[in-house]
Each structure stands twice: as C-alpha cells, then as structure tokens.
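Engineer: For the record, the sequence lines run as chains A and B.
Under UniProt numbering, the first residue of the first sequence is numbered 1, with each subsequent residue one higher.
Under UniProt numbering, the first residue of the second sequence is numbered 1, with each subsequent residue one higher.
Simulated from the structure, these hints should not be mistaken for laboratory data.
We put the CB at the ideal spot given by N, CA and C, even for glycine.
Where hints are given, some of them may not hold.
[What the hints assert, rightly or not] Partial pick of chain B residues on the chain A-facing surface, computed with a CB cut under 10 Å:
| no. | residue |
| --- | --- |
| 1 | 42 |
| 2 | 101 |
| 3 | 114 |
Number of protein chains: 2
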Amino acid sequence: MPEYLPTTPVKGTRDFLPAEMSVRTQVFGHLYDVLELRGFLRYDGPILEPAEIYERKSGQEIADQQLYTLTTKGGERLALRPEMTPSVARMIAGNAKSLQFPVRWYSHPNCHRYERPQRGRVREHWQINADIFGSDSANAEIEIFELVHDMMGALGATPDMFQVRANDRNLLSSALTDIVGVTPEQLPQVFTLVDRWEKSDRTKLSDTAAEAGLTDKQFEKLTEVLAAGTALLDELPEQVKENSNLVKVLGSGAADLIKFDPMIVRGLAYYTSTVFEVFDTSPENRRALFGGGRYSDLASLFTSQQIPGIGFGMGDVTLIDFLDTHELTPKPRSEADVVVIPVVEELTGAAREVAGRLRKAGLRTSTPIELRKLGKELTRADKAGARAVVIVGQEDWDAGNVTVRSLATREQRTVTVDEAVSTVTSLL
Amino acid sequence: MPEYLPTTPVKGTRDFLPAEMSVRTQVFGHLYDVLELRGFLRYDGPILEPAEIYERKSGQEIADQQLYTLTTKGGERLALRPEMTPSVARMIAGNAKSLQFPVRWYSHPNCHRYERPQRGRVREHWQINADIFGSDSANAEIEIFELVHDMMGALGATPDMFQVRANDRNLLSSALTDIVGVTPEQLPQVFTLVDRWEKSDRTKLSDTAAEAGLTDKQFEKLTEVLAAGTALLDELPEQVKENSNLVKVLGSGAADLIKFDPMIVRGLAYYTSTVFEVFDTSPENRRALFGGGRYSDLASLFTSQQIPGIGFGMGDVTLIDFLDTHELTPKPRSEADVVVIPVVEELTGAAREVAGRLRKAGLRTSTPIELRKLGKELTRADKAGARAVVIVGQEDWDAGNVTVRSLATREQRTVTVDEAVSTVTSLL
Numbered sequence: 001m002p003e004y005l006p007t008t009p010v011k012g013t014r015d016f017l018p019a020e021m022s023v024r025t026q027v028f029g030h031l032y033d034v035l036e037l038r039g040f041l042r043y044d045g046p047i048l049e050p051a052e053i054y055e056r057k058s059g060q061e062i063a064d065q066q067l068y069t070l071t072t073k074g075g076e077r078l079a080l081r082p083e084m085t086p087s088v089a090r091m092i093a094g095n096a097k098s099l100q101f102p103v104r105w106y107s108h109p110n111c112h113r114y115e116r117p118q119r120g121r122v123r124e125h126w127q128i129n130a131d132i133f134g135s136d137s138a139n140a141e142i143e144i145f146e147l148v149h150d151m152m153g154a155l156g157a158t159p160d161m162f163q164v165r166a167n168d169r170n171l172l173s174s175a176l177t178d179i180v181g182v183t184p185e186q187l188p189q190v191f192t193l194v195d196r197w198e199k200s201d202r203t204k205l206s207d208t209a210a211e212a213g214l215t216d217k218q219f220e221k222l223t224e225v226l227a228a229g230t231a232l233l234d235e236l237p238e239q240v241k242e243n244s245n246l247v248k249v250l251g252s253g254a255a256d257l258i259k260f261d262p263m264i265v266r267g268l269a270y271y272t273s274t275v276f277e278v279f280d281t282s283p284e285n286r287r288a289l290f291g292g293g294r295y296s297d298l299a300s301l302f303t304s305q306q307i308p309g310i311g312f313g314m315g316d317v318t319l320i321d322f323l324d325t326h327e328l329t330p331k332p333r334s335e336a337d338v339v340v341i342p343v344v345e346e347l348t349g350a351a352r353e354v355a356g357r358l359r360k361a362g363l364r365t366s367t368p369i370e371l372r373k374l375g376k377e378l379t380r381a382d383k384a385g386a387r388a389v390v391i392v393g394q395e396d397w398d399a400g401n402v403t404v405r406s407l408a409t410r411e412q413r414t415v416t417v418d419e420a421v422s423t424v425t426s427l428l
Numbered sequence: 001m002p003e004y005l006p007t008t009p010v011k012g013t014r015d016f017l018p019a020e021m022s023v024r025t026q027v028f029g030h031l032y033d034v035l036e037l038r039g040f041l042r043y044d045g046p047i048l049e050p051a052e053i054y055e056r057k058s059g060q061e062i063a064d065q066q067l068y069t070l071t072t073k074g075g076e077r078l079a080l081r082p083e084m085t086p087s088v089a090r091m092i093a094g095n096a097k098s099l100q101f102p103v104r105w106y107s108h109p110n111c112h113r114y115e116r117p118q119r120g121r122v123r124e125h126w127q128i129n130a131d132i133f134g135s136d137s138a139n140a141e142i143e144i145f146e147l148v149h150d151m152m153g154a155l156g157a158t159p160d161m162f163q164v165r166a167n168d169r170n171l172l173s174s175a176l177t178d179i180v181g182v183t184p185e186q187l188p189q190v191f192t193l194v195d196r197w198e199k200s201d202r203t204k205l206s207d208t209a210a211e212a213g214l215t216d217k218q219f220e221k222l223t224e225v226l227a228a229g230t231a232l233l234d235e236l237p238e239q240v241k242e243n244s245n246l247v248k249v250l251g252s253g254a255a256d257l258i259k260f261d262p263m264i265v266r267g268l269a270y271y272t273s274t275v276f277e278v279f280d281t282s283p284e285n286r287r288a289l290f291g292g293g294r295y296s297d298l299a300s301l302f303t304s305q306q307i308p309g310i311g312f313g314m315g316d317v318t319l320i321d322f323l324d325t326h327e328l329t330p331k332p333r334s335e336a337d338v339v340v341i342p343v344v345e346e347l348t349g350a351a352r353e354v355a356g357r358l359r360k361a362g363l364r365t366s367t368p369i370e371l372r373k374l375g376k377e378l379t380r381a382d383k384a385g386a387r388a389v390v391i392v393g394q395e396d397w398d399a400g401n402v403t404v405r406s407l408a409t410r411e412q413r414t415v416t417v418d419e420a421v422s423t424v425t426s427l428l
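Bound conformation, chain A alone (with noise of 0.2 Å):
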C-alpha cells in the first residue's frame, strides 16, 4: 500500500479553499478602492530578495530567528521577504529620478516569518502595505491617518470599534531623558520596555526596569510618564514640540483621527519619529491589529539620498479577527447567480448558448458538467447559492422556448430564449 502525503498545508500556513479565499478577496477588494481613491498607485515585487537587506535593516528578531534564507545553485544568498518594506525601499531608490516625489505606492504582498504559530501569528500573511515617500509634511501623517479610517471604514467598522494611538519617538525620547531621567545609553533598553509595557505585568517590568538601571523612583516616574497622555505635551520642550509632526497632526483639523499615547513605539528598528498601532476597543481582542510609522531614513541601503517615508503594513490574519469580533466578516460569494440545466445530455450545446446569453448580461453562469436528474440538479444549484435556474427541455427548445425558475419562491416560467435573460434578472 503507498504511503501518502499529508494534506494539510505546511505548518504555519494556510490553504484558503473558495470560501475563505472569497472572503479575503472581498476584503482586501474594499481596501484596493480607498486606496485607489485616495490616488495610492499599487506596485508589486519579488518575494525573494537578498538575505542581507534584512539582516541588515529589519532587526535583529527577524535576522536572527525568522527569516527563511535559501542558496541558489548560482550561489546568491536569498530570503524569503518577513516585510515588504525594504522591498519598496530598494524599487524607491532605484527609480528615484523618474518619479515625482511625494509619491503614494500600495502593494498586497504574502510575507513569511518563521515564528511560532498562534492567534494572530502564522508563518505566512498577506498584508496591505501602503506608504508615502519623499516628504516630511505633517501633511504625509494627515494622510496615512485619514486612510487608514477610510480603509477600517470601507470594512464596515465605526470609530467606536478601533482606536488609531500615535506617538513620536523624539517626543519619548524628549520625556524619558528629560523628565525620569534616561541616559542615551539606557535609552535602547527603556524603549523596548515600553514595547513590552502592555504584555507584561507590573513585577516583571519593574525588575525589567531596575536591570536597565532605572531607580525605583525613575520607574514611578516612568509609568507615569506613559499614562500621562497629551498632559505629557505641556511638560515638553518647545522645540522638540515644534519638530514634530505628530505635534502638527494634533493641532490640525485632523487631531480626532488619533489618540495621542506615549506607550506607543513599535519594534522594527527603521521607525524615527511618529510611530502609531490601531487597536480593537473590544476587550477581547487586547492586540494592536496592526501599526506604522515613519522612517527617515530607509532607503540609505541602497542610494546616498535621503528619501523619508511613513507608512504601515496590515496583515490579513488580526484584521480578519477584528471583522469576526465585530461580526463585520462579509459572507462568502455563491458559486453562480444562475444554473442552465439541459434536460437530457443532447442538449447540452443548447444549455451552452444560453448560458452564453446569460453571461454576457453579466450573470454568473455554470451549466452541469456531468448531468444527473432534474431534481438532483436543482438542490446542486440551490447548494451552490444560485437563485435562479434556466431548464432547456426537448419540446420547449423545438418551440424556442426555455423554462426559468426562482430557487427562492419555485415559481417558473416558459419564455422564449430571448427574454430569458430579463426573466432571470427579474428574479434576482
């Protein structure tokens, strides 16, 4: 007896059989036009890339513990992409005289990191990746924001189910050397505290904090500096204020489009000043959905000019989550809106030309492959979702006639084949 292979997908990524593909091709479909709306042009790239973009630009997680790396018999050192942005980085850079800066680039990339499965973390998603490079206008964050509450928008969620918390780096920066007294040297490993802050619990961030060197008094401090809120603004410097964007953001008309939190700082080693996560306001679901932020300076692997850009990447397993909390996941397509059933195989070709009919009306046709008996034909339409069946017998087909029938009501009609058409779209 042969031993056969398993079936299930490799471990950490998924099959997506019609009815979860439909699903997150409607999704992401929604996402594609606020993008193309907002003039954001899409761009695609290689999934393989040189190993060393990421080991030297992703941090050191990634690097060290994530990446899927492979050898090519022509000796190239390649990896799989785990993000998509020094991909963009690299198409900016080499493209940078023919285009017209700023420009809005969107792309909808799979990206692989070997991490351990669980809730929200597979080996392989796809993710909408959206950016804007080449300024530094308050304006580029305006955008990024609006878009991304057009984008949760288009998915059918309402403000009140998704939080979008900014911070700026420079501002924590600013406070956590400032007001609790940070060196630069500890600076590296308080951010990461920070990261951690939310995951963690109170012990074990302060024994955290004391290994960094912070006093007990600084780690008060701290915490207090990270519930402060936009408090925390009037106790900064005025010209770290005027440096930042996210300061700008704040005091435009666009300030209710986020919530300013200074626990804010995002893990990738690329961001330099606003950084921002969207969260679910449902208590179950405590994980950021997804986040951004902007980078000053990406591009510098590969081009001596400074291109900045802010952007974020939103991945379709969180995001699925959310539409599933909230109840908002739309329901998969059906296979066809309707069924042409030849009565006997000899008409078959005639179930074929009306089936033509039909679809250049736009109506998603099928017709059976292997044809079984009336009745177990209209429960395999009913099945498939179709509310309509067209039934082509011998004597109605002589007369030029054709049988229509709603799968909803069970009302049916002879017609000639020339109103079958609008006797089909009636009925839908």
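Please arrange chain B on chain A, whose structure you already have, making use of the hints.
Structural biologist: Only chain B this time, still in chain A's reference frame:
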C-alpha cells in the same frame, strides 16, 4: 563611504512599478471576470510546500534543476512552488468529502523555477491556474476550451490571433504503435522527440529518432503521422476513438474551438489523455502561450480516491508578450481622476474636505502633500493623468465656492462646494 546594495531585483525576478502593475492588474482582472462569470471559484495556497510533492510528480527537469528548496530551523525540507497543480491536488484530496464534485476552481499564484532567464522565461512568474476536478466527461474538455476562448476574448484577442491546438496522448500512442510500429519501450523517448519536433531541425530529429531505435522508414512514417491532422483519425482503431474525450469534442458543436494536432504532447509528466497548447498566429511569436491537459490521477500522492481533472496554467510573461505583439496591452491607469489643490497651506484642511466629497462620489481624488505654486501643481496633476483639478482659494472658500478646471480644455468655472462633484463629473 558606505557600499550601496544593488537596486535591481534578484536575477530572473521582476519589480512591478505602478505602470507595469496596472497592466498586470487590468489583464488579470479581465481574466477573473471571465472565470467568475463561468462559476469558477478562486482558491489560494501557500508558496511553500514539501519539496517531496514536486520531486515525485512534477517531472525530472523541475525536480532536479528548477526547484528552489530550503530547510527550516524545524527541519522541514520545503520548496517554493514551481507550479500550482500539486498544491491544488493536495487541497482537493484533503477536502474531497465536503466538496460537490465536479468543481471548477481557479487561482492566481506566482511560481518559481530556477531557469536561465530569456524571452518568455523568468524565474518568478504569475499565472492563472484553472481546473475542473472530479469529472471524466468530455463536457469538462468543452468547458475548458470555451473558457480559453472567453479569456482570450476578454483581453481583446480575436479568433484569428490565436489557435488552440489539441491532442489526446492515447490517440498518439495508438498511432505510434499501430502505424509507426513504435514498441512500448520506445514510447517515452518518442514522446519526448515529438515534444521537440517544432523546436528542432530535421537532421537533429532524425538523429534522435535513430538513437531511439527508429528506422529511416519509421521516421518518415512518424513525420506523416504528425502532419496528418484530422485525417489521422480515420486510420485509428474505433475502440481507441470511442474512449477519447477529444474525439467527442471534435464531433460536437464545440469542434471549432480547437484544431486537432497530433504533435502536441506537452512536457509535464502527469497528463494522461487530452493535452492542448494555445499558439499565437503571429509569426513573430512561435512559442506556445500556455497550455494544459487532463490528468486522471493527480491526487494519488495524497489519497486512494481517484480524482480526475483537467486544467491549465496561463502565465503572465508569454501572455503580455502576446498582447504587446497584437497591440492589445491595456494602458496604465492614471494616478487620479481629479486633484484638489489648496492655494495656500492653511486651506489644506478645506481641500481635504472637498476631496472627501469627490471620493464619496467614486472619483479617484488626491491632494498635494507638499504644496508648490499653483502652476507647478497644475503641471503635476496633468502628469498624474488627472482630467480635472479643483482649486480652493481663500476668497472663494469664504464664500462657499471652489474653482473647477478641466485640464484638457483649460476651461474653468467657479461653483459652490455642493456643485463641485457634478461639475467635475461633467468634465471627465
């Protein structure tokens, strides 16, 4: 000075900048429409699969030379899919109990093969994969051939631009054994010879035939058989023809969808009867655009259940070459329909408000992120492909007005904010 990394994509892969991506998106969008209209359901699977499934099923060339493999930290030996069929066979086998066979499925994967890059061949390409599973009926063949014609038609191709050349490997086997006198042992070698027939010169073919043990007379006979076209059918045993779906198609109303051609065999190991290739009729483009066929037992790696299928993969590279040759390639989409320009920075919020209204009406609308002088913004809007701009000036805005300007005619009008949408629409 730092050493910069190359900005070109990894050899054999491609970046899709927005202009190229827009072409790809439009082309595949048309193909999705056709597939959905015919009741094909889209699915997707992981890029990484166990290397074993290709090594066992995809033919020697792929397994030995073209596979990108890697070993994860967990010790799994994986491969980047070189084709979609083994993945879909795995999914079909794993879900056979819950599926209503026959099923029509399609996907849009990217596939990786380590080949020498050349015209029509890259190392990462995108394809449409369409299959019908669970039917032995010739109606499945007809459905697939109709689908091919509809897909080509949706891209603007007229029937004179391409030809579907189809064969049945069993008919050819019969002709080779019964007419040419090929022994069962010689068959595989002769199939390979036939596959190369159009790509090699006559001396080379004759030498290869001699190596396979064919006499000069047999080689002459083989040449006749391959050139015979439909006339060959008269010389084949009735029993063989009765078992051939292709012969059924040729005897049906769908016969004109294909041209019978004994020379078509296709390389992939798993085809068992019907095979076809779609050719450009233009002499500039001699290679097959794409092709497919019927496999009786593809799921056998995963299940004892026999699940026949028929399908094809249609790759983006040869397809876009075809469209270019016939001047059918769609134009890249513009960045936006309309740009809303505030005359001064202080009116940015007002411009965003107007832009929001235009987007609600379905108009693709952008606003400047970094404001330049009005003349420059008009030039930028023109370059971005916009057909109109809305200018927001202080006095106008204070009076509840904006100025709408056509970029084609330079005609402009001052209207109320409420009238802006209809005025812009009338200009597009």
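Engineer: So, for every hint listed, does it hold in this structure?
Structural biologist: Here's how the hints hold up against the structure:
Checking residue 42/B against chain A by beta carbon gives a least distance of about 5 Å; that is within 10 Å, so the hint holds. Residue-level restraint check for residue 101/B holds (minimum Cβ-Cβ distance to chain A is 8 Å; threshold 10 Å). At its closest, the beta carbon of residue 114/B sits 6 Å from a beta carbon of chain A; the interface hint therefore holds under the 10 Å criterion.
Consistency with the previously given hints is maintained throughout, with no hint failing.
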